[in-house]
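**Student:** Sequence:
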Amino acid sequence: MSDDVAVISRDRVKMDEQAVLKYANRKPGKHAAEMALVERSMPELPAGACVLDAPCGAGRLSLWMAQQGWQVSAIDMGAAAVDFTRQLLIDNGFSVEVKEGDIFSMPWERRAFKLVVCFRLIHHFSDARVREKLLRELARVSDQHLLISYLSPWSYTGVKRWLKYRLTGHSSRQNHTTLRELKSMLEPLGFILAKDVAQRRLFHALHMAYFVRVNNR
Numbered sequence: 089m090s091d092d093v094a095v096i097s098r099d100r101v102k103m104d105e106q107a108v109l110k111y112a113n114r115k116p117g118k119h120a121a122e123m124a125l126v127e128r129s130m131p132e133l134p135a136g137a138c139v140l141d142a143p144c145g146a147g148r149l150s151l152w153m154a155q156q157g158w159q160v161s162a163i164d165m166g167a168a169a170v171d172f173t174r175q176l177l178i179d180n181g182f183s184v185e186v187k188e189g190d191i192f193s194m195p196w197e198r199r200a201f202k203l204v205v206c207f208r209l210i211h212h213f214s215d216a217r218v219r220e221k222l223l224r225e226l227a228r229v230s231d232q233h234l235l236i237s238y239l240s241p242w243s244y245t246g247v248k249r250w251l252k253y254r255l256t257g258h259s260s261r262q263n264h265t266t267l268r269e270l271k272s273m274l275e276p277l278g279f280i281l282a283k284d285v286a287q288r289r290l291f292h293a294l295h296m297a298y299f300v301r302v303n304n305r
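Its first residue numbered 89, the sequence shown is counted upward by one per residue in the numbering used here.
Just so you know, the hints here were simulated from the structure itself, not pulled from any lab data.
Check each hint, because a few of them may be wrong.
Within a straight-line C-alpha distance of at most 25 Å, the following computed PhoX-like cross-link-like pairs (lysine-lysine) qualify [to be verified]:
id	residue 1	residue 2
1	Lys221	Lys271
2	Lys110	Lys187
3	Lys221	Lys118
4	Lys202	Lys110
5	Lys202	Lys221
6	Lys118	Lys283
7	Lys283	Lys271
8	Lys221	Lys187
9	Lys283	Lys221
10	Lys187	Lys202
The following label-pair restraints were derived from C-beta to C-beta distances [stated by the list, open to error]:
id	residue 1	residue 2	range
11	Ile280	Glu127	18 to 24 Å
12	Gln106	Asp284	30 to 36 Å
13	Asn113	Pro134	29 to 35 Å
14	Asn303	Leu267	16 to 22 Å
15	Asp284	Gly181	32 to 38 Å
For clarity, every value in this text was computed on a predicted model and none was experimentally measured.
All residues carry an ideal CB built from backbone N, CA and C; glycine is no exception.
Make the full structure from the sequences, and use the hints.
**Tutor:** In structure tokens form, the structure reads like this:
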């Protein structure tokens, strides 16, 4: 595991219950907007399709996917997040496989899931090599569909953070990634971009990129 990954695992992963609850209790409007972004980005899947939420965080997306009638698995590096997600799904009447583990080396076989979603993670990594390692592992376990959220530099927030860095030398803890980078990393793995959706149409940072597998590599 690289130094960058180790720092994230200590500093940004939801290791304790307080951090998980803070994320779970985010503003309802923000939560609704993010779930709407996910819904607009999703391909059509049959009932019972095997899907993966990686990482699951506070289980918001895991619950939403279970409510669509899909067979959900979830993973997170934080024990508190795993416990919270598992209980959230149980409380809502769903039986879901939730594992604590390393998202860079997941415990599933190659192409185990019809769809894999990675929501609000990649922007935590400043090193492109770490982002590439993450994408490689997500692609490994995806049989067909792969959805990745990212923060676009071509946005109001991205430009503001860039100007702050140029003027003060202080970089943001949230890293912006170009769509070109995601494409360049995933195309050699057999995935091409099918759709790129912004949370809002004009200059919004949060995007969801939907990739589809086009070969049997």
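**Student:** Checked against the structure, which of the hints given earlier come out wrong?
**Tutor:** Result: hints 3, 4 break, sorted rising.
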